[in-house]
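Please build the complex by placing chains E, R and L on the supplied structure of chain X, with the hints as guidance.
Protein chains in written order, with the numbering used here: chain X, 4 to 258; chain E, 4 to 258; chain R, 4 to 258; chain L, 4 to 258.
In short, the hints are calculated from the structure, not lab data.
It cannot be assumed that every hint is accurate.
One copy or two, it doesn't matter: identical chains are merged, so the pair holds either way.
Claimed, not checked - No farther apart than 30 Å at their CA atoms in a straight line, the calculated lysine-lysine pairs in the DSS-like style are these:
#1 111 / 218
#2 147 / 111
#3 147 / 218
#4 37 / 218
#5 47 / 218
#6 192 / 30
#7 111 / 192
#8 37 / 192
#9 30 / 218
#10 223 / 192
#11 223 / 37
#12 218 / 192
#13 47 / 147
#14 223 / 30
#15 111 / 37
#16 37 / 147
#17 147 / 223
#18 47 / 223
#19 47 / 37
From a predicted model like this one, the values you see are computed outputs, not experimental measurements.
Each chain, letter by letter, is given below.
Number of protein chains: 4
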Amino acid sequence: MEAIPPLLDREIRVIDLSADYRLRDAKVYAEWYKELHQDAENLKHAVYGLPELFGDNVAGARLVANPGCYPQTAILGLAPLVSHGLIELTGSIIDSKSGVSGGGRTPKLTFHFPECNENVSAYSVGSHRHTPEIEQALSAVAGKPVSVIFTPHLIPMDRGILSTIYSTPTRTVAENELVELYRSYYEGKPFVRVRTSPPATKDTVGTNFLDLCVKVVRGKILVFAAEDNLVRGASGVAVQNFNRMFGFDERIGLM
Amino acid sequence: MEAIPPLLDREIRVIDLSADYRLRDAKVYAEWYKELHQDAENLKHAVYGLPELFGDNVAGARLVANPGCYPQTAILGLAPLVSHGLIELTGSIIDSKSGVSGGGRTPKLTFHFPECNENVSAYSVGSHRHTPEIEQALSAVAGKPVSVIFTPHLIPMDRGILSTIYSTPTRTVAENELVELYRSYYEGKPFVRVRTSPPATKDTVGTNFLDLCVKVVRGKILVFAAEDNLVRGASGVAVQNFNRMFGFDERIGLM
Amino acid sequence: MEAIPPLLDREIRVIDLSADYRLRDAKVYAEWYKELHQDAENLKHAVYGLPELFGDNVAGARLVANPGCYPQTAILGLAPLVSHGLIELTGSIIDSKSGVSGGGRTPKLTFHFPECNENVSAYSVGSHRHTPEIEQALSAVAGKPVSVIFTPHLIPMDRGILSTIYSTPTRTVAENELVELYRSYYEGKPFVRVRTSPPATKDTVGTNFLDLCVKVVRGKILVFAAEDNLVRGASGVAVQNFNRMFGFDERIGLM
Amino acid sequence: MEAIPPLLDREIRVIDLSADYRLRDAKVYAEWYKELHQDAENLKHAVYGLPELFGDNVAGARLVANPGCYPQTAILGLAPLVSHGLIELTGSIIDSKSGVSGGGRTPKLTFHFPECNENVSAYSVGSHRHTPEIEQALSAVAGKPVSVIFTPHLIPMDRGILSTIYSTPTRTVAENELVELYRSYYEGKPFVRVRTSPPATKDTVGTNFLDLCVKVVRGKILVFAAEDNLVRGASGVAVQNFNRMFGFDERIGLM
Chain X
4 MEAIPPLLDR
14 EIRVIDLSAD
24 YRLRDAKVYA
34 EWYKELHQDA
44 ENLKHAVYGL
54 PELFGDNVAG
64 ARLVANPGCY
74 PQTAILGLAP
84 LVSHGLIELT
94 GSIIDSKSGV
104 SGGGRTPKLT
114 FHFPECNENV
124 SAYSVGSHRH
134 TPEIEQALSA
144 VAGKPVSVIF
154 TPHLIPMDRG
164 ILSTIYSTPT
174 RTVAENELVE
184 LYRSYYEGKP
194 FVRVRTSPPA
204 TKDTVGTNFL
214 DLCVKVVRGK
224 ILVFAAEDNL
234 VRGASGVAVQ
244 NFNRMFGFDE
254 RIGLM
Chain E
4 MEAIPPLLDR
14 EIRVIDLSAD
24 YRLRDAKVYA
34 EWYKELHQDA
44 ENLKHAVYGL
54 PELFGDNVAG
64 ARLVANPGCY
74 PQTAILGLAP
84 LVSHGLIELT
94 GSIIDSKSGV
104 SGGGRTPKLT
114 FHFPECNENV
124 SAYSVGSHRH
134 TPEIEQALSA
144 VAGKPVSVIF
154 TPHLIPMDRG
164 ILSTIYSTPT
174 RTVAENELVE
184 LYRSYYEGKP
194 FVRVRTSPPA
204 TKDTVGTNFL
214 DLCVKVVRGK
224 ILVFAAEDNL
234 VRGASGVAVQ
244 NFNRMFGFDE
254 RIGLM
Chain R
4 MEAIPPLLDR
14 EIRVIDLSAD
24 YRLRDAKVYA
34 EWYKELHQDA
44 ENLKHAVYGL
54 PELFGDNVAG
64 ARLVANPGCY
74 PQTAILGLAP
84 LVSHGLIELT
94 GSIIDSKSGV
104 SGGGRTPKLT
114 FHFPECNENV
124 SAYSVGSHRH
134 TPEIEQALSA
144 VAGKPVSVIF
154 TPHLIPMDRG
164 ILSTIYSTPT
174 RTVAENELVE
184 LYRSYYEGKP
194 FVRVRTSPPA
204 TKDTVGTNFL
214 DLCVKVVRGK
224 ILVFAAEDNL
234 VRGASGVAVQ
244 NFNRMFGFDE
254 RIGLM
Chain L
4 MEAIPPLLDR
14 EIRVIDLSAD
24 YRLRDAKVYA
34 EWYKELHQDA
44 ENLKHAVYGL
54 PELFGDNVAG
64 ARLVANPGCY
74 PQTAILGLAP
84 LVSHGLIELT
94 GSIIDSKSGV
104 SGGGRTPKLT
114 FHFPECNENV
124 SAYSVGSHRH
134 TPEIEQALSA
144 VAGKPVSVIF
154 TPHLIPMDRG
164 ILSTIYSTPT
174 RTVAENELVE
184 LYRSYYEGKP
194 FVRVRTSPPA
204 TKDTVGTNFL
214 DLCVKVVRGK
224 ILVFAAEDNL
234 VRGASGVAVQ
244 NFNRMFGFDE
254 RIGLM
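So here's chain X without its partners, still in its complex pose (with noise of 0.2 Å):
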């Protein structure tokens, strides 16, 4: 947020990969993130830069804030229930699995190869950064106040995200017409696979794609997302907001 408005300053359009600019409420921002928001001018006009919900409002932004890596595959998975009011909004259970890039490249005990290889475990319970972000775009597809309990894992891998989703449906509903509704939304949406078994990361892997796959398991909806978090769930993401917002085909060097 210090970088970023004397760009904007000079006319010149900007797509910001750090999370300054994710959060549209300075206070919320301010309440997890733990400092003062900076730049409060341009965080009113930033565009969360999510293409398959809000690729309208990318094409034209100034300011676009490239979306967090666990976030994506929690928005993509729950937008088409929370959209037609087929989930309950409060509650839905986000168990996160990342493998270690996602903490980034400094070095750190956490990160040390004896240290998180052969292990699992949860991080951040209830605290992580990720869990506003969620809510602010699903609460934005729902027009309701939405909120999820997200718990991330650190997986012994280089890269990848699954997502395991847990929500409970507003009414009865089959299986069948669940993927039927996922396959409508993302229909036009080149890096969404809606697919009938759950997603593998492998499968992503050096790939903008995001895999999801719906199912019912004893009156639960069970949603699995999976990503790539270096490509689709980062620089993969920018250049498609790149191409929206000068208007290439959103797939011009991602395929």
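For chains E, R and L alone, kept in the frame of chain X given last:
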């Protein structure tokens, strides 16, 4: 169930590491294991060998059904809550992550190194055979039917299971109240460690410990349970059962 | 060798990724592969498809034997030295480390995740079939018989081969002299990168590059050669051969 | 070397796991460790604590320099050959592969999970500090100067070292003759296992065993040596030394 009747006939006491005698009801067995049970007679007398909950029964048992790897994390994770009526008995979510040795030693494409390395995915969604085993034990603890949603995932590591469990409380509870409950519930149980931060599977490798942590997040109760599937999840708890059956301190050979 | 004769009869040009046509001498084939060669006729005309060394022959070939993964590292690693008579032609040591995908996709206990993860061992000591392939190509470069000691090792990773090669010089040589030799030898070869520090396999993953580094240590010449066995070691070099056979720039489809 | 003199002054016997007292010659120390030795007085009396070779000296030692992880594989791998004059004393090649815990617990980019996972590379080529330690011990065994080429590699696993060693025999030798030599040389040494097939590091994990295998390939002698760097390579052999220093069976606490 073919090998065991002749042993029992010769008055040899048996600890069975297979799944054959874990489910009390031959009909439930047939439904989940897709074959008829061949030894309904002995099934009636088998004791489910989870020593922290059913240790007195184990002591006098002729036939102990050694518990499954996943179920131990789920059952010991939820037992304090269901025994005190603190959670709704329907709809708890058990999201489990297991190392590859949990799948056995027979080579299969699923466990071929380049297939499961650098990869995470869910499997047996809604159909894993450990589901009725978890429900049977928790129902025994609750005195009422308990049902759960159980989703196992394959993780690229040799050994270790982490279960992340989400339950809905029946009344408002404070986290420290729950921590105290878990501590008193497992007092005198040397292999259950109640921790205040989420456990890592690596801390349990090579041991018979099952590590638990309970948290309250946005009105849900979260329980984290970690173990080494090759020790606590199988042979270790068998030794623990053996010790109880033959009057030894249950820690002999396991510390 | 069953599938290919009918294709050649129909004047279809063939790049064979199997090992069937790599060894010119059917007797050597029989000795190492423990079966008789069935197509001695076409064997005579097959071209060994290592484009950096035999690219002119590839251009006009009807049948190209695509080279093995290990041999490419050893042959390209030693070719500058043997072609200039700088090393003794007997006794070079090729100590190779390969990811598990080099062993193919058929499930075997050796490649079962819990067997090969967290493990390193040598295999096929003194008997690996790539030995005569390495010697045949280096002998062609030297114009005299070359023999080597080749020891492959299985490493717990998906892909990548690193060969560490030790040779005895025939005269005193300086390291910078050798670096210059390698640079000039591979000038104009876009897929061989001569580096001044030992290469890491990860730098080559997903590419057709073969990275080389030459060092002098206590009177021995050490060569380090790294590649991705799934690209450079197999299909990538096949595309490179295809480009040469059909008159395309050899980089097409590979950058 | 700062902590130890006061301990010795108080007549406390010391097993030092650092590298400070491993090299007898302060000049060699300065050359490889790039700093002056501060305690030349005690250096003279330090015993190199490789119990299979220098166990009698260990028994009476006031100061034991616990050996390095790599050197133990190289020294025990070559000792039977040099002690019998069976190999040339110059030019043996030690190609070692180590898990990441060998690099210590301090976070560094080199050991950051996404850097070293799915990767293999050589490091410290020609300059690793364990080189003079290997040479000093083998020279003591031979009674003449021994020099080696030592090349360590970093492997994506937690623990384990495999050294593949290549030597030139001074006369024609048969493989079975060598196997017998190794067996008799290590008779009565409970932690050295002579095997007939190349050892896998995983077979030694969690143990104080050092597994050896000797082969003859095309006129060279190959030795494979595997150990767990965290037990045999450090603390395990320290316990073994302790047992010898205080008159216990050397296996106490290690089986």
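Now for the hints, and whether the structure bears them out:
1. For the identical chains of this complex, residue 111 and residue 218 are inter-copy neighbours only, at 26 Å across copies versus 38 Å inside a copy, given an alpha-carbon limit of 30 Å.
2. Taking the shortest alpha-carbon separations for residue 147 and residue 111, neither the intra-copy value of 39 Å nor the inter-copy value of 46 Å comes in at or below 30 Å.
3. For the homomeric pair residue 147 and residue 218, the shortest alpha-carbon distances inside one copy (25 Å) and between copies (27 Å) are both at most 30 Å.
4. With identical chains, the CA atoms of residue 37 and residue 218 are at most 30 Å apart between copies only, with a shortest distance of 22 Å across copies and 37 Å within one.
5. In this homomeric assembly, residue 47 and residue 218 never come within 30 Å of each other (Cα to Cα): the closest approach is 38 Å inside a single copy and 35 Å across copies.
6. In this assembly of identical chains, residue 192 and residue 30 lie within 30 Å of each other by CA distance neither inside one copy nor across copies; the values are 33 Å within and 46 Å between.
7. Taking the closest pair of Cα atoms, residue 111 and residue 192 never come within 30 Å of each other, the shortest separation being 38 Å inside a single copy and 35 Å across copies.
8. Taking the closest pair of Cα atoms, residue 37 and residue 192 never come within 30 Å of each other, the shortest separation being 36 Å inside a single copy and 41 Å across copies.
9. Taking the shortest Cα distances, residue 30 and residue 218 sit within 30 Å of each other only across copies (26 Å), while inside one copy they are farther apart (37 Å).
10. For the homomeric pair residue 223 and residue 192, the shortest alpha-carbon distance inside one copy (26 Å) is at most 30 Å, but the shortest distance between copies (35 Å) is not.
11. Proximity of residue 223 and residue 37 under a CA criterion of 30 Å is satisfied inter-copy only: 24 Å between copies versus 35 Å inside one chain copy.
12. Within a single copy, residue 218 and residue 192 get their C-alpha atoms as close as 21 Å, which meets the 30 Å cut-off; across copies the closest is 39 Å, which misses it.
13. In this homomeric assembly, residue 47 and residue 147 come within 30 Å of each other (Cα to Cα) only inside a single copy, at 20 Å, whereas the closest approach across copies is 53 Å.
14. Only between protomers do residue 223 and residue 30 lie at most 30 Å apart by alpha-carbon distance; the minimum there is 25 Å, versus 34 Å within a single protomer.
15. When the C-alpha separation of residue 111 and residue 37 is checked against a cutoff of 30 Å, the pair qualifies both within a copy, at 21 Å, and between copies, at 28 Å.
16. Only within a single protomer do residue 37 and residue 147 lie at most 30 Å apart by alpha-carbon distance; the minimum there is 26 Å, versus 45 Å between protomers.
17. For the homomeric pair residue 147 and residue 223, the shortest alpha-carbon distances inside one copy (21 Å) and between copies (21 Å) are both at most 30 Å.
18. Within a single copy, residue 47 and residue 223 get their C-alpha atoms no closer than 37 Å, and across copies no closer than 33 Å, so neither meets the 30 Å cut-off.
19. In this homomeric assembly, residue 47 and residue 37 come within 30 Å of each other (Cα to Cα) only inside a single copy, at 20 Å, whereas the closest approach across copies is 58 Å.
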